[in-house]
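Participant: All chains should be modelled from the sequences, with the hints used to inform the complete structure.
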Amino acid sequence: MINTQDVLETINMIREECLDIRTITMGISLWDCVSEDTDRLCTKIYDKITKKAEHLVKTGADIEKMYGIPIVNKRVSVTPVSLVGGNTSPDGYIKIAKTLQRAADTLGINFIGGFSALVQKGMTVGAQNMISVIPEALTETQNVCSSVNVASTKAGINMDAIALMGSAIKRAAYLTRDNNSIACAKLVVFANVPEDNPFMAGAFCGIGEPETAINVGVSGPGVVASAIRRAGDCDLSELADVIKKTAFKITRVGQLVANEAAKRLDTPFGIVDLSLAPTPAVGDSVAYILEEMGLESCGAHGTTAALAMLNDAVKKGGVMASSHVGGLSGAFIPVSEDAGMIAAAERGALTLEKLEAMTAVCSVGLDMIAIPGDTPEEVIDGIIADEIAIGVVNTKTTAVRLIPAYGKKAGESVEFGGLLGTAPIMDLNTYSPARFIRRGGRIPAPIHSLKN
Amino acid sequence: MKAVITVTGKDTVGIIADVAGVCAKNGANILDITQSVLSEYFAMIMLADINELKVDFSDFVDALELLGKQKGLVIHAMHEDIFNTMHHI
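For the record, the sequence lines run as chains A and B. 1 is the number of the first residue of the first sequence in the working numbering; add one for each residue after it. 1001 is the number of the first residue of the second sequence in the working numbering; add one for each residue after it.
By construction, these hints were calculated from the structure, which means they are not laboratory data. Hints may be right or wrong, so weigh each one.
Cross-link-like lysine-lysine pairs, in silico, BS3-like; alpha carbons within 30 Å at most [as the list claims (entries may be wrong)]:
| hint | chain 1 | residue 1 | chain 2 | residue 2 |
| --- | --- | --- | --- | --- |
| 1 | A | Lys-244 | A | Lys-354 |
| 2 | A | Lys-95 | A | Lys-51 |
| 3 | B | Lys-1010 | A | Lys-58 |
| 4 | A | Lys-58 | A | Lys-48 |
| 5 | A | Lys-451 | A | Lys-409 |
| 6 | B | Lys-1025 | A | Lys-58 |
| 7 | B | Lys-1002 | A | Lys-263 |
| 8 | A | Lys-244 | B | Lys-1010 |
| 9 | A | Lys-51 | A | Lys-121 |
| 10 | B | Lys-1069 | B | Lys-1025 |
| 11 | B | Lys-1002 | A | Lys-58 |
| 12 | A | Lys-58 | A | Lys-98 |
| 13 | A | Lys-245 | B | Lys-1002 |
| 14 | B | Lys-1025 | B | Lys-1071 |
| 15 | B | Lys-1010 | B | Lys-1025 |
| 16 | B | Lys-1002 | B | Lys-1025 |
| 17 | A | Lys-95 | A | Lys-52 |
| 18 | A | Lys-316 | A | Lys-154 |
| 19 | A | Lys-58 | A | Lys-354 |
| 20 | A | Lys-58 | A | Lys-121 |
| 21 | B | Lys-1054 | A | Lys-58 |
| 22 | B | Lys-1069 | A | Lys-263 |
Pulled from the structure, derived: some chain A residues nowhere near chain B, Cβ distances all over 12 Å [what the hints assert, rightly or not]:
| hint | residue |
| --- | --- |
| 23 | Gln-5 |
| 24 | Asp-6 |
| 25 | Asp-32 |
| 26 | Met-66 |
| 27 | Pro-90 |
| 28 | Gln-128 |
| 29 | Leu-236 |
| 30 | Gly-254 |
| 31 | Asn-259 |
| 32 | Met-309 |
| 33 | Tyr-431 |
| 34 | Ser-432 |
| 35 | Ser-449 |
Note that CB positions come from ideal geometry on N, CA and C, so glycine has one too.
Facilitator: Written as structure tokens, this is what we have:
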């Protein structure tokens, strides 16, 4: 007989503590779609995606029913289109973006990722053409997500690409000015991008990935916060154990769902992303976990240490629960998507500089942060360069997803709704890094001995 | 394959009979029941064999949820694997 306590604990996690599977993402390779004719390429892309992921949404819904756990998103990630598009013209890349949107509409999925380029060392003509139309592509589509990897620990930092991205972000904000600059929420700039990430906006199907793969991202900040609350005034060693045990349970559910989805869709299981992904719902916040650990407010001194411990314990607990882990794996700190982060930013406890420090010890980076609409392009470039440098030097993934909210100033806020939440516009240091950025070229790859 | 059915709500006459009725109608064989009533609050956990289920599992889940709505109870049916994987190595 199943233990009553176990049953009640699981049901409580799902019903009261917002435990859910954040996403089942099917990676689909587009290599075999390559064609020198753009229309032919688009037809092949559409046909392949809609055939391979035909049953994705229905399967997700069935598994949701079977295990009684919400599966919030069903998504598709594809091979970076700048690779399969080759020397396609800028207009051709917009056609590809619209094709991805059409496929997403047909499938009924929430997002499709892969309007992406890998330019850490330099840019091909295709990558350049694609990057040049990212703002237009994201304005003319709703569910297509774009990412650009501008740096890696092995290649260094491509400053020319960063300069292009600052300008792309500004233009994307302008083009969608009537809709809270929403295009920027679908665009992320990476260092050391993972190739099997199920989370948006950065998901794509990497070059070493199989024909198709099922990657799953779990959530569960509310479950961790409740477990910490129940643990009371224990010391940090005990607290780390509490987090590990909870992360284990959360990840096991992710593995179960991933196995079932892979079986039903006859697709290889890829990875489970050991993530603590918040939502704007009260009680589903990473900031609340940090506050439950003992901080008066997220952003207080001590936040980086608390987050480092949380992130490490989540990984230690999760690793044993899953046969393959990957993606971004760690606690996410997207400001607009986390009720506790929003509150901390609004009360002035959480600043951009503190967020930058936090990204050195946790997953992802400066995520879903709204900044004043009149922020100069070079300042955005500078923010990206700083964040990317943290990833490159520390051999980890970092990313930047900024929203320079057109026409708005610090202290105001932008409302995206749904999972994207509400972003308080944060104040910025606007001293200019322009001369440094305009030097262009590449920052060389860092040395890996003489560590200090 | 087994399903765990949980029922919570205000105690009334015939809850077990109603749930058992839906199980019987759909071909789910009840294996075990744990139930308690605490100051008029009813809580039951039921384990049922669903190998011979006559309908899709999702339809069975819907049928139980509908019964719950009609009787003012919260009824969930979940595949046992979610509990096994979460709580056992």
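Participant: Each hint: holds or not?
Facilitator: Evaluated hints:
{"no.": "1", "hint": "A:Lys-244 to A:Lys-354", "verdict": "25 Å, holds"}
{"no.": "2", "hint": "A:Lys-95 to A:Lys-51", "verdict": "20 Å, holds"}
{"no.": "3", "hint": "B:Lys-1010 to A:Lys-58", "verdict": "35 Å, violated"}
{"no.": "4", "hint": "A:Lys-58 to A:Lys-48", "verdict": "18 Å, holds"}
{"no.": "5", "hint": "A:Lys-451 to A:Lys-409", "verdict": "41 Å, violated"}
{"no.": "6", "hint": "B:Lys-1025 to A:Lys-58", "verdict": "26 Å, holds"}
{"no.": "7", "hint": "B:Lys-1002 to A:Lys-263", "verdict": "19 Å, holds"}
{"no.": "8", "hint": "A:Lys-244 to B:Lys-1010", "verdict": "36 Å, violated"}
{"no.": "9", "hint": "A:Lys-51 to A:Lys-121", "verdict": "34 Å, violated"}
{"no.": "10", "hint": "B:Lys-1069 to B:Lys-1025", "verdict": "18 Å, holds"}
{"no.": "11", "hint": "B:Lys-1002 to A:Lys-58", "verdict": "22 Å, holds"}
{"no.": "12", "hint": "A:Lys-58 to A:Lys-98", "verdict": "24 Å, holds"}
{"no.": "13", "hint": "A:Lys-245 to B:Lys-1002", "verdict": "26 Å, holds"}
{"no.": "14", "hint": "B:Lys-1025 to B:Lys-1071", "verdict": "18 Å, holds"}
{"no.": "15", "hint": "B:Lys-1010 to B:Lys-1025", "verdict": "24 Å, holds"}
{"no.": "16", "hint": "B:Lys-1002 to B:Lys-1025", "verdict": "17 Å, holds"}
{"no.": "17", "hint": "A:Lys-95 to A:Lys-52", "verdict": "21 Å, holds"}
{"no.": "18", "hint": "A:Lys-316 to A:Lys-154", "verdict": "26 Å, holds"}
{"no.": "19", "hint": "A:Lys-58 to A:Lys-354", "verdict": "42 Å, violated"}
{"no.": "20", "hint": "A:Lys-58 to A:Lys-121", "verdict": "41 Å, violated"}
{"no.": "21", "hint": "B:Lys-1054 to A:Lys-58", "verdict": "20 Å, holds"}
{"no.": "22", "hint": "B:Lys-1069 to A:Lys-263", "verdict": "33 Å, violated"}
{"no.": "23", "hint": "Gln-5", "verdict": "9 Å, violated"}
{"no.": "24", "hint": "Asp-6", "verdict": "4 Å, violated"}
{"no.": "25", "hint": "Asp-32", "verdict": "35 Å, holds"}
{"no.": "26", "hint": "Met-66", "verdict": "5 Å, violated"}
{"no.": "27", "hint": "Pro-90", "verdict": "46 Å, holds"}
{"no.": "28", "hint": "Gln-128", "verdict": "47 Å, holds"}
{"no.": "29", "hint": "Leu-236", "verdict": "25 Å, holds"}
{"no.": "30", "hint": "Gly-254", "verdict": "10 Å, violated"}
{"no.": "31", "hint": "Asn-259", "verdict": "9 Å, violated"}
{"no.": "32", "hint": "Met-309", "verdict": "23 Å, holds"}
{"no.": "33", "hint": "Tyr-431", "verdict": "51 Å, holds"}
{"no.": "34", "hint": "Ser-432", "verdict": "52 Å, holds"}
{"no.": "35", "hint": "Ser-449", "verdict": "39 Å, holds"}
Comparing the model with each earlier hint shows violations of hints 3, 5, 8, 9, 19, 20, 22, 23, 24, 26, 30 and 31; every other hint is respected.
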